[in-house]
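Asks: Now for the letters of each chain:
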Amino acid sequence: MGCASSIPDKSAGGLNNLDNGGAPDAKNLRVKLVLLGDSGVGKSCIVLRFVRGQFDPTSKVTVGASFLSQTIALQDSTTVKFEIWDTAGQERYAALAPLYYRGAAVAVIVYDITSSESFTKAQYWVKELQKHGSPDIVMALVGNKADLQDSREVPAQDGIDYAEKNGMFFIETSAKTADNINQLFEEIAKRLPRPSAPDS
Amino acid sequence: MSSSSSSISSDDEPNSNPKPVDDELSLASVTLNESNGNGSINVNENENNRQDGGEIAWGRKNSEVEVEALSSPSSSGYAGERGSSSETTNSRIEDDEIQQVNNDDGFVDGVNHSRASPWVPGKRHVDEDDASISWRKRKKHFFILSHSGKPIYSRYGDEHKLAGFSATLQAIISFVENGGDRVKLVRAGNHQVVFLVKGPIYLVCISCTEEPYESLKGQLELIYGQMILILTKSVNRCFEKNPKFDMTPLLGGTDVVFSSLIHSFSWNPATFLHAYTCLPLAYATRQAAGAILQDVADSGVLFALLMCKNKVISLVGAQKASLHPDDMLLLSNFVMSSESFRTSECFSPICLPRYNPMAFLYAYVHYFDDDTYLMLLTTSSDAFYHLKDCRIRVETVLLKSNVLSEVQRSLLEGGMRVEDLPLDPLPRSSISHRMSQQRLLTDSPERFRESSVGIGGPAGLWNFIYRSIYLDQYVSSEISSPINSHQQQKRLYRAYQKLYSSMHEKGIGPHRTQFRRDENYVLLCWVTPDFELYAAFDPLADKALAIKTCNRVCQWVKDVENEIFLQGASPFSCATDKAEFAALMLESYL
Numbered sequence: 001m002g003c004a005s006s007i008p009d010k011s012a013g014g015l016n017n018l019d020n021g022g023a024p025d026a027k028n029l030r031v032k033l034v035l036l037g038d039s040g041v042g043k044s045c046i047v048l049r050f051v052r053g054q055f056d057p058t059s060k061v062t063v064g065a066s067f068l069s070q071t072i073a074l075q076d077s078t079t080v081k082f083e084i085w086d087t088a089g090q091e092r093y094a095a096l097a098p099l100y101y102r103g104a105a106v107a108v109i110v111y112d113i114t115s116s117e118s119f120t121k122a123q124y125w126v127k128e129l130q131k132h133g134s135p136d137i138v139m140a141l142v143g144n145k146a147d148l149q150d151s152r153e154v155p156a157q158d159g160i161d162y163a164e165k166n167g168m169f170f171i172e173t174s175a176k177t178a179d180n181i182n183q184l185f186e187e188i189a190k191r192l193p194r195p196s197a198p199d200s
Numbered sequence: 001m002s003s004s005s006s007s008i009s010s011d012d013e014p015n016s017n018p019k020p021v022d023d024e025l026s027l028a029s030v031t032l033n034e035s036n037g038n039g040s041i042n043v044n045e046n047e048n049n050r051q052d053g054g055e056i057a058w059g060r061k062n063s064e065v066e067v068e069a070l071s072s073p074s075s076s077g078y079a080g081e082r083g084s085s086s087e088t089t090n091s092r093i094e095d096d097e098i099q100q101v102n103n104d105d106g107f108v109d110g111v112n113h114s115r116a117s118p119w120v121p122g123k124r125h126v127d128e129d130d131a132s133i134s135w136r137k138r139k140k141h142f143f144i145l146s147h148s149g150k151p152i153y154s155r156y157g158d159e160h161k162l163a164g165f166s167a168t169l170q171a172i173i174s175f176v177e178n179g180g181d182r183v184k185l186v187r188a189g190n191h192q193v194v195f196l197v198k199g200p201i202y203l204v205c206i207s208c209t210e211e212p213y214e215s216l217k218g219q220l221e222l223i224y225g226q227m228i229l230i231l232t233k234s235v236n237r238c239f240e241k242n243p244k245f246d247m248t249p250l251l252g253g254t255d256v257v258f259s260s261l262i263h264s265f266s267w268n269p270a271t272f273l274h275a276y277t278c279l280p281l282a283y284a285t286r287q288a289a290g291a292i293l294q295d296v297a298d299s300g301v302l303f304a305l306l307m308c309k310n311k312v313i314s315l316v317g318a319q320k321a322s323l324h325p326d327d328m329l330l331l332s333n334f335v336m337s338s339e340s341f342r343t344s345e346c347f348s349p350i351c352l353p354r355y356n357p358m359a360f361l362y363a364y365v366h367y368f369d370d371d372t373y374l375m376l377l378t379t380s381s382d383a384f385y386h387l388k389d390c391r392i393r394v395e396t397v398l399l400k401s402n403v404l405s406e407v408q409r410s411l412l413e414g415g416m417r418v419e420d421l422p423l424d425p426l427p428r429s430s431i432s433h434r435m436s437q438q439r440l441l442t443d444s445p446e447r448f449r450e451s452s453v454g455i456g457g458p459a460g461l462w463n464f465i466y467r468s469i470y471l472d473q474y475v476s477s478e479i480s481s482p483i484n485s486h487q488q489q490k491r492l493y494r495a496y497q498k499l500y501s502s503m504h505e506k507g508i509g510p511h512r513t514q515f516r517r518d519e520n521y522v523l524l525c526w527v528t529p530d531f532e533l534y535a536a537f538d539p540l541a542d543k544a545l546a547i548k549t550c551n552r553v554c555q556w557v558k559d560v561e562n563e564i565f566l567q568g569a570s571p572f573s574c575a576t577d578k579a580e581f582a583a584l585m586l587e588s589y590l
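Those sequence lines, one after another, are chains A and Z. Position one of the first sequence corresponds to residue 1 (full-length UniProt numbering), numbered consecutively onward. Position one of the second sequence corresponds to residue 1 (full-length UniProt numbering), numbered consecutively onward.
Calculated from the structure, these hints are not laboratory results. Ideal Cβ positions, reconstructed from N, Cα and C, are used throughout, including at glycine. Watch out, some of these pointers could steer you wrong.
Unchecked claim - Anything over 12 Å on all C-beta distances counts as not near chain A; from chain Z, calculated: (1) 284; (2) 299; (3) 401; (4) 422; (5) 482; (6) 511; (7) 548.
Stated by the list, open to error - Calculated cross-link-like contacts (lysine-lysine; reagent style BS3-like; alpha-carbon spacing at most 27 Å): (8) 388/Z x 81/A; (9) 388/Z x 27/A; (10) 161/Z x 244/Z; (11) 123/Z x 176/A; (12) 309/Z x 60/A; (13) 311/Z x 123/Z; (14) 241/Z x 60/A; (15) 161/Z x 60/A; (16) 127/A x 241/Z; (17) 60/A x 233/Z; (18) 388/Z x 60/A; (19) 320/Z x 241/Z; (20) 311/Z x 60/A.
Unchecked claim - One-sided and incomplete, this derived list gives chain Z residues near chain A with beta-carbon spacing under 10 Å: (21) 126; (22) 251; (23) 256; (24) 346.
Sequences are here, hints too, so could you generate the full structure?
Replies: In structure tokens:
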């Protein structure tokens, strides 16, 4: 935690140049999305399932943050291009998180339903974002590894209650079985504020 | 030494070398050096004279303390031919080298079985701790611990279970420090315990590989550098605030980085040469890559590196910034060992310990294919999108100028091979020498026959490494028959390391040439102000012919320098003219 010698400057634009990308277009949205959560909860697996349809059971520890993008089409013929920052869950990167979540329109906070410790860590991230994230950020709470029902430590109701209290969207997913992965991103897309659309 | 007894049955232990376990941790003499003491460590006579610092007995159950139980040098197969002044002091090493071969390499009973499986990254034997016999039998341990004795990293076993062992190491270090001194090396039977203190971080290597002290210390330095690359030196502040600070969570997930670095000590000459190597490429191809890297460097990138595995394709630094070869080694090890870089483009804080150990830089990393990757380093934490644009520009140019396909071709073709060493312009003598060599071979004791069946290059040349001092670069010949397995490669590189440290030993050195013959090789080393040449020959190689061959190697390197070296990365690129001059002189030295 205390080891980052160059804490990002809060006033700088950070890794967010989306606002400069021309006039906002209500039909073709580009959003910056950041995934946060403890290490090993499956953030990268969720992203790779969503972006590439792949699942790799061998754990690959993310270093710093990976950048990927994926565009989805909604039923109302709008497209949403997600520019995804998949951050490393390791403690040493915690101090650098603002670099990745600053300016993000969406934050997906992930925990592992088989680890109550990771649920505690998720709550830390929610508080951190409430303090330092964009005020209108869309937040989703995701309980991953839903296929491992037998080793569940965090009841779904706990997730639902916590999400509701904090105005978040909640879903349980399994990157392994692909369960609810696309639903997660579609639901996020629906909840995005539509810029300059006359009737939204 | 270790071959003398075998009280432990070697069931299915990974290490087939039967060895009394108790002797593993019974410490003998402690060598104490003042901080300005120079490296007399491997010279045993001196060591005995230096024992005024007293002895620490650190036996486990068995309190039998061995004091420098050394084998006699007379049994070594070392054949005279004294070409330099330093070799006599090291002659006993050869004895253990053979032992090492028998124990470690499975070399005697066949060449091939150690070739089998490729190295798999990651930590092994996590279930072990210092009570496990298998753990205590491991040939080479590395530990990082804090000054309060908390474990930070261990090559084998679970750090948390090694808390007691770490505390013991810490106790030894602070016991000596309390006496106003510093412990550098402890010998215990055939084990060496090497200590390195870096502020609140202690590093320890326990090894029975007979590598020189300077080599093991250099490896500890690199491990420390790798840790700094991940965390920066400002981690020291955590210890100022709380001396009992537990650092392991900060290094979470980095086991692969350290284990891959430790593995590279046995296959990557950059770890002891402190130089980098380039992928062989046509001059124009490398120029094309360099031009586009220069282009992006001019747009505010501190360093731009294009690499293929551990080899450099091209690199550019902004203005006067220059990259230390050790930083390049640690950075490429970090990137190559962390699988996540291959998945997508990444942006990560990293620290270059030789450039600035206190501050993070930000690295943009992108793989173009399985082996080739681009690293763009910047001081600005929000430069990601700019670097991404730079990468797209670089990629476009590399594709258009076929650099990436040339890289793949070079990777397939490999580098310099000893068999391809151009023939002497005057081939008169080579045939007759070859024949006398054959005769020698049949007369020789049978124990050497199997190691001599390989083909190799002319005059029995098996391998060489040429290091250009001015360029900070080296080129090594491809590992080829009769050096067939990873184990044999490891043994060769350890022999080079011994050679390297004996040539660079403070106090006695520096030396210009060394010619040594043992059961495994003829080794020839030649150091000039411009380059260093390390060559390994068949153990029965003819000395005069070996010298001649080394001159030809130097000439060959000069002939192809535009393809094997990155030229112009340093202001002193006229070095090879001097090399040619020097090449004519080797005969006169030996």
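Asks: Do the numbers back the hint for residue 126/Z, that is, is its least Cβ distance to chain A under 10 Å?
Replies: 14 Å, violated
Asks: Quick one: work out the minimum CB distance from residue 548/Z to chain A and report holds if it exceeds 12 Å, violated otherwise.
Replies: Holds: least Cβ distance 49 Å, greater than 12 Å.
Asks: Closest CB-CB distance from residue 511/Z to chain A, is it above 12 Å?
Replies: With a cut-off of 12 Å, residue 511/Z remains clear of chain A, as the shortest Cβ separation is near 42 Å.
Asks: When you check the alpha-carbon spacing of residue 127/A and residue 241/Z, does it fall within 27 Å?
Replies: 26 Å, holds
Asks: Using the nearest Cβ pair, does residue 251/Z come within less than 10 Å of chain A?
Replies: Holds - the Cβ of residue 251/Z comes within 10 Å of chain A, reaching about 7 Å at its closest.
Asks: Against the 27 Å threshold, does the CA-CA distance of residue 161/Z and residue 60/A hold or violate the hint?
Replies: 25 Å, holds
Asks: Quick one: work out the minimum CB distance from residue 482/Z to chain A and report holds if it exceeds 12 Å, violated otherwise.
Replies: 36 Å, holds
Asks: Quickly compare the C-alpha distance for residue 241/Z and residue 60/A to 27 Å and report which way the hint goes.
Replies: It is violated: about 33 Å lies between the C-alpha atoms, which goes past 27 Å.
Asks: So if I understand the rule, the pair passes when the alpha-carbon distance is 27 Å or less; does residue 161/Z with residue 244/Z pass?
Replies: Cα-Cα ~17 Å, so holds.
Asks: Can the restraint linking residue 60/A and residue 233/Z be considered satisfied, given a maximum Cα separation of 27 Å?
Replies: 26 Å, holds
Asks: Does the no-contact call for residue 284/Z survive, Cβ to all of chain A over 12 Å?
Replies: Non-interface label stands for residue 284/Z: nearest chain A Cβ at 33 Å, farther than 12 Å.
Asks: Could you grab the alpha-carbon distance between residue 388/Z and residue 81/A and see if it respects the 27 Å cut-off?
Replies: 17 Å, holds
Checked against the numbered hints given earlier, the structure breaks hints 14, 19, 21 and satisfies all the rest.
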